[in-house]
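Trainee: Chain by chain, the residues:
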Amino acid sequence: MNLTVNGLAREVESGPLTPLLRVLRDELGVHSPKVGCEQGGCGACTVVVDGAPRRSCLLPVGGLEGAEISTVEGLGTPDDLGVVQQAFTHHYAAQCGFCTSGMMMAAQAYVDGGGTDDREAIQEALAGHVCRCTGYVKIVDAVAAVARGDSFDLTVTAASAGMTSGGDLQ
Amino acid sequence: MKAVGARLPRYDGVAHVTGRTVFVDDVRVPGTLTVKALRSPVHHAGISVDTSPAEQMKGVHAVVTHADVPLNVYGHLSGLGIPGDEPLLAEDDVRYKGQPIAIVAAEDEDTANEAVAAIKLDLDERPALFDLRKAFDPDAPKIHHWGNWYPHFENEMDRRQIRKGDIAWAFDHADVIVEGVYRPAAIEHVPLETQVCQVVPEPSGRLTIYSCTQALYFSMGVVAAHLQVPLNKLKLVGGTVGGGFGGKVDTATETMCSLAALKSGRPVKWRWTREEEFLCSSTRAPWHMEIADAVTKDGWILGRKMLTLHDAGAYARFSPYGLTKHSFHHTGAYTIPNLEFDGYVVFTNRVPTTAMRGFGVTSVSFATETHMSRIANVLGLDPIEIRLKNANRIGDTSPNGIVYSDPSTVATIQTIAEAIGHELPAAYRTTTSAKREGEWLPEHLVAQLGNPEDH
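If you read the protein sequences in the order shown, they are chains Y and A.
Take the first sequence: its letter number 53 is residue 53 in this note's numbering, and every next letter is one higher.
Take the second sequence: its letter number 376 is residue 546 in this note's numbering, and every next letter is one higher.
Everything labelled a hint here was simulated from the structure, so no lab data went into it.
Virtual Cβ for every residue (Gly too), placed ideally from N, Cα, C.
Check the hints yourself; a few may be wrong.
If the Cβ cut is set under 10 Å, some of the chain Y residues that face chain A in the computed set are [to be verified]:
id, residue
1, Ser-14
2, Gly-41
3, Val-48
4, Leu-75
5, Thr-77
6, Ala-94
7, Gly-97
8, Thr-100
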């Protein structure tokens, strides 16, 4: 069967009941969606399927013939970050990073769908995405900033902060 | 202090937001076998195991039991000279539900699960103990070969004990005795990344171990001890942790995966399911804390008697260390000159407990702060003022005799009072952490502070 993953046509050999998460990670080498619970309970595996955020761990690949799949790998690169990636960086919304891919894909679908910076609406859009590090505040800040159309200054470096190197905290 | 308040780049921030951070489960090595474990289905039992049905299955490359472990029984505190108590893989007894008995390395996940199911396990189930308060009852289930509480504190004492000052004097001179019991429950850390490990046997004879541990060099020592190999046979790759919070301090997977890699000669990976993470991974401990304080009508705490029971679960791991930290903090951020503390590390049939965000101290902070407010309620005094009165000051001594050189308690409490709009009398608004004198130096502290070296 065939999928489009981040704009690339990919042929899939896994059986039809294989969860999309396993196809992406184990067959196609797309590692940003994470295995957190494989029960649809944590959100770490979320990818965008034909414009909608979906739990890839619960999605049998057999029903996805011809679908367009977007993952974090398609949002941007280190030298050319997408706006959601910029916002998560600027607002320190990623801590350990494990829930981040799923959070960002849900955020991307939210803003692409015309979501506003209303915090309750953002919380609703991210409901079911578990983060054990941040307490969620910075994540909601980041999504709200994208929805507002903020621009992000990512030029801050250790040197510009007055430190001689990343490790010099004297 | 250039970093404080500055916007600094996260060294791993861009990798996180581009999906390029390589967590252990993202490491891909061709030919990797899948590891699954046979775990105890009951809380407490004698066991006998027959792994031969699994060994004969097609696609199974290794079945590892205690018989394959060069040093099966080891303790997380063995490096400090404390005898080991926990088998890597269960031998004749299981003491908690989920305790690993055998592991299987197979071509794929389905085969590994089938092989685990094929292992014959006979159980002679025994009564289980879950309430740590009942561990001392004469008819309580016997959990551990050491007895129901840890016997190896200094001088082979069976408890962590602190004696400071003259506790009898304090209780003789108290206006009121304020008592309280505090019992925080176990908490699972729930990292989004479950326990996971990849081990690759190298042609050189070394093992490369990709680990999600929070304590890389500690884990290296634990693996080397169980395997009875020098450290230079192990290369650990780590530092990328998908959430730990203390739950990835214990060495959970690395040693067993190393044995499976050695026995099969193949790379292996073991990623716990979410169910395993909840049922079998270590938790924050349940605690039972009883406090009795000798206090004066005007809010000075003359003395504290405290009994702590720390639930270690089935094995000691780091619990004696956690209880020791707990004991050093059992007066909170306050100075109490006369102390009688007894703490026990108690064994139950729960999963072994471990660090979580302030190992041993979070529990006692909850108890001591709640107790401060309780004292204020009993005496009809202001809860902020009573804290400022007893707050640590320069020259005061901790329960374990450390002389405070720069305590921040007074300024912290004043800042909190201001932030919540809590009006304080001038004397409390302006008092500082300076060495005690005048009204901040009551008679009962004079003798103690005269010569802190005595404690």
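Trainee: Which numbered hints does this structure break?
Mentor: Hints 1 and 3 are the ones this structure does not satisfy, whereas the remaining hints hold.
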